[in-house]
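As you go down the protein sequences, you meet chains A and B in turn.
Each residue of the first sequence is one higher than the last, beginning at 432 in my numbering.
Each residue of the second sequence is one higher than the last, beginning at 2 in my numbering.
In case anyone wonders, no lab produced these hints; they're calculated from the structure.
The calculated lysine-lysine pairs, modelled on PhoX-like cross-linking and capped at a C-alpha distance of 25 Å, are:
1. B:67 to A:558
2. B:75 to B:3
3. B:3 to B:23
4. A:565 to A:513
5. A:552 to B:128
6. A:522 to A:558
7. A:522 to A:473
8. A:491 to A:553
9. A:472 to B:67
10. A:473 to B:67
11. A:437 to A:473
12. A:502 to A:472
13. B:67 to A:522
14. B:128 to A:553
15. A:491 to A:437
16. A:553 to A:502
17. A:472 to A:552
18. A:472 to A:513
19. A:522 to A:495
20. B:113 to A:522
21. A:513 to A:473
Anything over 10 Å on all C-beta distances counts as not near chain A; from chain B, calculated:
22. 24
23. 38
24. 42
25. 136
26. 149
27. 158
28. 163
29. 185
30. 201
31. 203
32. 245
33. 249
Simulated restraints, written as ranges between beta carbons of each label pair:
34. B:81 to A:462: 26 to 34 Å
35. A:463 to B:80: 24 to 32 Å
36. B:30 to A:508: 49 to 57 Å
Note that beta-carbon positions come from the ideal geometry of N, C-alpha and C, so glycine has one too.
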Amino acid sequence: MSMNRKINLRVWLKIPDAEAATVKNTLIRRLGYGNVLADVKKERLFSIEVDSGDPEELAKSFAKELVNENKESHIVLIDELKFEEGYVPVKVALHIEDGEAISIRERLRSRLGFENVVDVKKATVWKLYFDTLKPEAQMAAREIAERLLINPNKDSYEIMSQ
Amino acid sequence: MKIAVLQFPGTNCEFETLVAVKAVGMESEIFRWNRPAGELSGFDGFVIPGGFSYQDRLRAGVIASKEPVMNALKEEAGIGKPIIGICNGFQILVETGLLPGNGKGNGEGSAKVDMALAQNVMVSQGKIVRRGYYCDWVNLRHDAPSRRCSGSFAIERGALLKIPIAHGEGNLVTTTPGLMEKLNEEGQVVFRYCDRNGRILNEFPFNVNGSTENIAAICNEQGNVLGMMPHPERAFFAWQLPAFDPRKQRPDEPGPGRRVFESMKRYIEVNA
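Excised from the complex, chain A in its bound form (with noise of 0.2 Å):
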């Protein structure tokens, strides 16, 4: 029987993330979050899993590939994903076919030589910083996903645990 490991890349910018400023921007002078929220951060999260290999040297390699270091940091959880405090981790992910996540697993399995991936998926980590407390920012979090991180007819959300 195999044991397939999972190996999580949390990808973040090193740089300022422009994207993340649009959201925040849009929170607070459209949707009406100024009162409670703090902050917005993003991060790009690869879930690469794998039925052979050191799991650690396969992830060094992994980021050669997918992180550019130049303008982004990253950091690697095998079987795990947890998450820092102060801030609410929102995932969001494609429901329907996800062409980029598999076109990376192609490009690492053919092109790349690492036979031993077995899937990739992709989300994006928003990271919501609210002036709130726990409930209150987890029900907020809810909220902002559905009014505006997810279109629900192709995106799917989950609050991660810490």
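Fit chain B to the known structure of chain A by using the hints.
Then chain B, alone, in the frame of chain A:
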């Protein structure tokens, strides 16, 4: 008869659209997104042109859909004025809920979002052969009855138009139960991607973006709001057509895209 061509930060087809609207005999001006929204009521119709509003941040059209000017536009749509959203304009109308415009909203002044224009996925023989941004000349078949929709009011059912596309997110998808049946039954599917003979083939390169049922354009239930991914303003004059099209050699002739703007004019004349 005066038409507002809406401009958001990142819109890039407003001047061609302005030329097209004026060339069919309507007055027109560019209406910036941050003008007092109430001024929209002085216009008889609206075009939201293509481009990349707010750099397509988050997803195409969603940030523009939250601007106050869109609330005013909903009121204008509600009283039957024609609105044509082209490419990014279509994406904005979908994210606003004006298209397909069936939901009553969630109590915050916005209609329910019943569909999405997702990232292009080009499929051939069951395999993804390409994805992302794509631009090309495409063939469209007009599938709505004439007089059903403001932007195809004067176009007969079955007419074929060659018009260019240029987008990365035009793949129409929906999870709303029964929506596709309703769109088909009520003549709200206005244009479909087809081959040069009008056959609907759900394969790239005929279906250029993976859109459900090859849909390229839809209108709302009332027919006054049209959203289309192809750019009729880029095929307005025959000289804009590609070199392989013999009509290019007859530059005095109108291009196929002109019919969309003529339709809008005719719709306003009839409904005035």
